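Trainee: Heads up: the protein sequence lines correspond to chains D and V, in order. Last residue of the first sequence: number 114 in our numbering, and the count goes up by one each step with no gaps. Last residue of the second sequence: number 228 in our numbering, and the count goes up by one each step with no gaps.
Just so you know, the hints here were simulated from the structure itself, not pulled from any lab data. Hints should not be assumed to be uniformly reliable.
[Said to hold, decoys possible] Computed beta-carbon distance windows for the label pairs:
1) D:Glu66 / V:Asn191: 38 to 46 angstroms
2) D:Glu71 / V:Leu228: 22 to 30 angstroms
3) D:Ser109 / V:Asn185: 31 to 39 angstroms
4) V:Thr216 / D:Leu56: 14 to 22 angstroms
5) D:Thr77 / V:Gly130: 46 to 54 angstroms
6) V:Ser187 / D:Pro114: 28 to 36 angstroms
7) V:Asp215 / D:Met83: 41 to 49 angstroms
A quick note: this is a predicted structure, and the numbers were derived from the prediction, not measured. For every residue, glycine included, the Cβ atom is placed at its ideal position computed from N, Cα and C.
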Amino acid sequence: AQSVTQLGSHVSVSEGALVLLRCNYSSSVPPYLFWYVQYPNQGLQLLLKYTSAATLVKGINGFEAEFKKSETSFHLTKPSAHMSDAAEYFCAVSDPGGSYIPTFGRGTSLIVHP
Amino acid sequence: ETGVTQSPTHLIKTRGQQVTLRCSSQSGHNTVSWYQQALGQGPQFIFQYYREEENGRGNFPPRFSGLQFPNYSSELNVNALELDDSALYLCASSVTSGRTDTQYFGPGTRLTVL
Numbered sequence: 001a002q003s004v005t006q007l008g009s010h011v012s013v014s015e016g017a018l019v020l021l022r023c024n025y026s027s028s029v030p031p032y033l034f035w036y037v038q039y040p041n042q043g044l045q046l047l048l049k050y051t052s053a054a055t056l057v058k059g060i061n062g063f064e065a066e067f068k069k070s071e072t073s074f075h076l077t078k079p080s081a082h083m084s085d086a087a088e089y090f091c092a093v094s095d096p097g098g099s100y101i102p103t104f105g106r107g108t109s110l111i112v113h114p
Numbered sequence: 115e116t117g118v119t120q121s122p123t124h125l126i127k128t129r130g131q132q133v134t135l136r137c138s139s140q141s142g143h144n145t146v147s148w149y150q151q152a153l154g155q156g157p158q159f160i161f162q163y164y165r166e167e168e169n170g171r172g173n174f175p176p177r178f179s180g181l182q183f184p185n186y187s188s189e190l191n192v193n194a195l196e197l198d199d200s201a202l203y204l205c206a207s208s209v210t211s212g213r214t215d216t217q218y219f220g221p222g223t224r225l226t227v228l
């Protein structure tokens, strides 16, 4: 069984500061990993995905994430936070060899202060 | 805007009733997935339909059922509603059922069961 753990239900940063949202996964096989963003009253939007190619994945809106097998991590970063980045962020994992049933983390709420 | 629409936006039902939620997929997408997102939680996979047939199911009882139509719109039906069914229900469409295909989410239907 796969699972993801998102450390910190809330992360607060100042505008212009580094954003770091943590995600650790558990999987018996090399997984596929995803980060999604959810703005208030909207559905989820894919930010980026890792599918066993390059370990550093660049996504939309200036976000990127690095797959680190040794640490079983897939942390999401952005060099400089904007007010518009305030949202809920979800990490998800799926098994490349199985049926497509993604498992989502509980989410991290990003708060950006002016 | 993802091109995926859901109706209704909000719905209030009482315990024991039945409900039908609707999703219109993005044009050209033949796969739709449904998720349940309880308050403060990540989305949980309910099932996926590919070309009008169920193509995978999460850990949900049979009273959760679905349909996908030839135009690739779909329905989620829930019978014998329980209080714990209160949640945001999301549908997501993708071009195929491939494991790395990007899913495009609708804004969701907020179901409240009293």
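Trainee: Indicate, hint by hint, whether the structure satisfies it.
Mentor: Each hint tested on the structure:
Hint check: Glu66 (chain D) to Asn191 (chain V), Cβ distance near 42 angstroms, so the stated range 38 to 46 angstroms holds. For Glu71 (chain D) and Leu228 (chain V), the Cβ-Cβ distance of about 45 angstroms falls outside the hinted range of 22 to 30 angstroms, so the restraint is violated. Hint check: Ser109 (chain D) to Asn185 (chain V), Cβ distance near 37 angstroms, so the stated range 31 to 39 angstroms holds. The hinted range of 14 to 22 angstroms is satisfied by Thr216 (chain V) and Leu56 (chain D), whose Cβ atoms lie roughly 19 angstroms apart.
Under the hint 46 to 54 angstroms, the C-beta atoms of Thr77 (chain D) and Gly130 (chain V), about 48 angstroms apart, fit the expected range. For the hinted restraint 28 to 36 angstroms between Ser187 (chain V) and Pro114 (chain D), the CB-CB distance of approximately 43 angstroms leaves it violated. The hint said 41 to 49 angstroms for the Cβ distance between Asp215 (chain V) and Met83 (chain D), and at roughly 32 angstroms that hint is violated.
In the structure shown, a violation is registered for the earlier hints numbered 2, 6 and 7, in ascending order.
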